[in-house]
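**Q** Chain by chain, the residues:
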Amino acid sequence: MIDRRTAGLKGLILIPALALAACQGTSQASPSAATQPPATSEPTAAPSSGGEAGGLVCVIVPPVENPFFGAMQQIAADKAEELGYTTLRLVHDDDANKQLELFENCISQQAKAIILDNAGADASVAAVQKAKEAGIPSFLVDREITQEGVAAAQIVSNNFQGATILAERFVELMGEEGEYIELTGKDTDTNAHVRSDGYHDVIDKIPGMTMVAQQTANWSQPEGFSVMESLLQAHPNVKGVIAGNDTMALGAQAALIAAGKTDVIVVGFDGSDDAIQSIGKGELKATSLQPVAEMAIQAAIQADLFIRTGSTGKPEKQSIDMVLLTPDNACQYEQFAPKEGAGSCS
Amino acid sequence: MTARAQAIRPRGLTRTEVAQVLLRGTALIALAVMVVVFGALSPTFLQLTNLEILAKQTAINAILAIGMTFVILTGGIDLSVGSIVGLTAMIAGLLINEGLQIGALGVIVYPHTWMVMVIALVAGALVGAINGLIITRFSVAPFIATLGMLYVARGAAGLLNNGNTFPNLVGRPELGNTGFAELGAGELLGVSWAIWIMGALALVAWFVTSLTPFGRAVYAVGGNQRSAELSGIRVDRTKLVVYMISGLCAATVGLIIASQLVAAHPATGEFFELNAIAAVVLGGTSLSGGRGTIVGTMIGAFVIGVLTVGLNQLGVSSFWQLIVKGSVIVLALVLDQLQVRVQRRIALQQQAHADVAPAPAG
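Taken in order, these protein sequences are the chains called S and V. For the first sequence, the working numbering assigns the number 1 to the initial residue and increments by one for each residue that follows. For the second sequence, the working numbering assigns the number 1 to the initial residue and increments by one for each residue that follows.
Among these hints, one or two may not hold up.
For the chain V half of the interface with chain S, some residues (derived, Cβ under 10 angstroms), not all of them [unchecked claim]:
1. Q57
2. I60
3. F272
What the hints contain is simulated information worked out from the structure, not anything from laboratory work. Even glycine gets a Cβ: it sits at the ideal position worked out from N, Cα and C.
Same shape as in the complex, but just chain V:
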């Protein structure tokens, strides 16, 4: 009996396991195939300069998607990130071009460039904190709370300069606030800052999600909030922090874009939230929470990046691009559901084998 079970077990398992590996790697396989195909169709696609541009353009979405991954892992959603991008870009623009008016004193303070960045980042985290508080304290569904913030933050971005752009964000040497453009245009070891920031954030996020107690709390809250609560996890605090992380990531993107354009426009970041959610979902993170990885999100972001850049280079019409992007996202989710089924089957098989052969194999 035992011998027979052992004989069947490796074969039966490997087949489903192979399927599982293939499914898990769907996004990665898709990415590889797309790179090969675009490389073959467009002579410039695989050139190093083009790949750097691709990584730099992907960084915008990837950074948002990293923050979004935390939120979605808890079973939430953050629709306000695009508006936070616009708001923080405008805050940076305001501080550089017009400084900070200090109320009754009639004094205008021009903060240093690094202070401008810190203030914008703090503002992003604060908006995230408001999201988190509304969701946890007032039990508003994340979708609604962040939808509200989508409008509020966009309106606030417009208010900062009456709908106008803050142009020419180069600062003035006598005020000591020059150098903002360096963030967008500058390089370290020949690689843009945006790419370094994306890499660093991805690394930190990977570490936090997979190796820290906070990361485990994030997964636990998304997996089963009630049991997370019962096992002593501070659910509300965890949720608050993930929305702050998301806001912080959005502010980072706002700074990068304002710096690249050397201008801050109130409409910056419209619809970015949807691209970020798409990247997260493409990377295999479940919208119901509790399942997903940062590595997956990065792959998802690059799938979207490669698609966008590749289709643009081939001159595909903007309408077809939308159709392709939408199809890829939906099909990826179809595969994702399939993976869940395969996993369940493996679990069942393992249970069955455990029932048949309870004795240790050795």
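Extracted from the complex, chain S is given alone in its bound form:
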């Protein structure tokens, strides 16, 4: 009696693991199969004809709980599948060690290319180098690494330019004078510094603008809320808040609304759908849009080019300009890309 019961339980322990593995295995295969039919005419012939399109492309990004990275991964992977590749969508959780492990897995599965939004400018060099040594080109999007000549391409948005156009708008909204607070991103992230430098490049030239506090909220919405809450105690007369990304801006905005200070000007950075919605409601005043879709699609296209011809035909470092979103144009964008057929925002 006992052994029968335990045998059943023993089965139980394996059921979730294996059943999931099995159905994920098939469901993973089916989307690529589903995306292939429209293009069947040529990609099916391509792998055998020695044109060399086809094979595995790994798309590795930071935690997809953040819609920014989720969109990035999906757009890049969908584009690669459209071009006739199978894809493996992986998440490194901003952990450079996990990222290295995922790279090793992709290498052992003989991936043809890796599209990566990396886990740290310095700590990612070793992983990208390893792939290069194994003959696998890496296409970096969004975040750069500190070494050149290791990745096949580094396609990033021009954060500095995005920061300056946002800061110009911020100054204008403030009427070129008053107290403001800056919320900065994670100290360990290069982008946090680049954006802050871009803001100050513009704002510091305006004599009427006074920064009463500059504090990190680690890119996080709850932290944006709590930091704003406590800063508000010390600086009740603050007139504007400029944040290093949208999530912090939204957190700060929520704290200001909770405190009844709805006239404080808050601007974000990234152009996420949440921010666009907030601009639509008249809360956030502006944000700079990351050209995520453009970067992700470029990465997939250049990976395909590289696999087929051995070159992307472009310099390693490519930067794509950002667009300023305001109540006038925010509704025309969705998922980090222009919405098709959107009219003017009323």
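Dock chain V against the given chain S, drawing on the hints supplied.
**A** Quick look at chain V alone, frame taken from chain S:
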């Protein structure tokens, strides 16, 4: 009477014994089945290069889990190992890139690479010793003491370079501190250093736990602290040493990761403690102490390793991976509890038989 008892005894016992063997081997059976299934679903899974990668990635968790096994065997827990990984990685990074400032003299000393490693290992053991002292001298619960250290060590790791990464840990030939990357990238007989280190540590830990007086003390402290005390075991010293072992293992992992990445990041090792505890528990070690083995821990670490690598290769979404991992851990514990019950039943049966047939069977 005696004859009848003998006739029943083998049958009754074998059945429960079979059950016991099956239960004891749960993790091993799970491991074997997973390997077969992943092998069937992914063509590359069973390739030798992939298996080496799997072993290398498992080594990180396995080494932490070996140290954690000692702690858990005494009935304790060490939540600070992940932070110690980060701290020791940063210490190694600091020593290689910026050297050691010697106070008033204004002299900067760049230690040799092997000295860097020794210093990092000693630092790990020291942090473990602080854990152990707080737990034994001030009677703070291990959970709380090491939780505190989780924060303190992570903060210290950030302080070392203001939250920044120490990049490019290759050293400079003129300072004689090159070669750090060898630990992560190098091989002996075609097998990565990380795997050798894991094997060596597992062997030593197995020897210590099963064949030395210290090992017996560890089990005794976890089994029943009061009776261990009464039988003359130095409980406090035993506890102090197990936390130092855990810290040492964490420092080893910190060095391996910093070397593999050729960079030291202050957030290295976040949540590693949970994976290590999971491996230990999967291996059949009881969280209340006194019961468990190093072999079990190694199997547990490989179960987690195979799951992670296998699910990644199949492209299972990261959310499902978490659900699978969590389910496997909980179900393993359900089985573990069942085993305790079976064991108790065997003990009762044996006692019953002993009562029925006190005379020797021969």
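**Q** If a hint holds in the structure, say so; if it does not, say that too.
**A** Each hint tested on the structure:
Proximity of Q57 (chain V) to chain S holds as hinted, the smallest CB-CB distance being about 5 angstroms (cut-off 10 angstroms). This hint holds: I60 (chain V) has a C-beta 7 angstroms from the nearest C-beta of chain S, less than the 10 angstroms allowed. Because the closest C-beta pair between F272 (chain V) and chain S is about 9 angstroms apart, less than 10 angstroms, the hint holds.
Against the hints set out earlier in the document, no violation occurs for any number.
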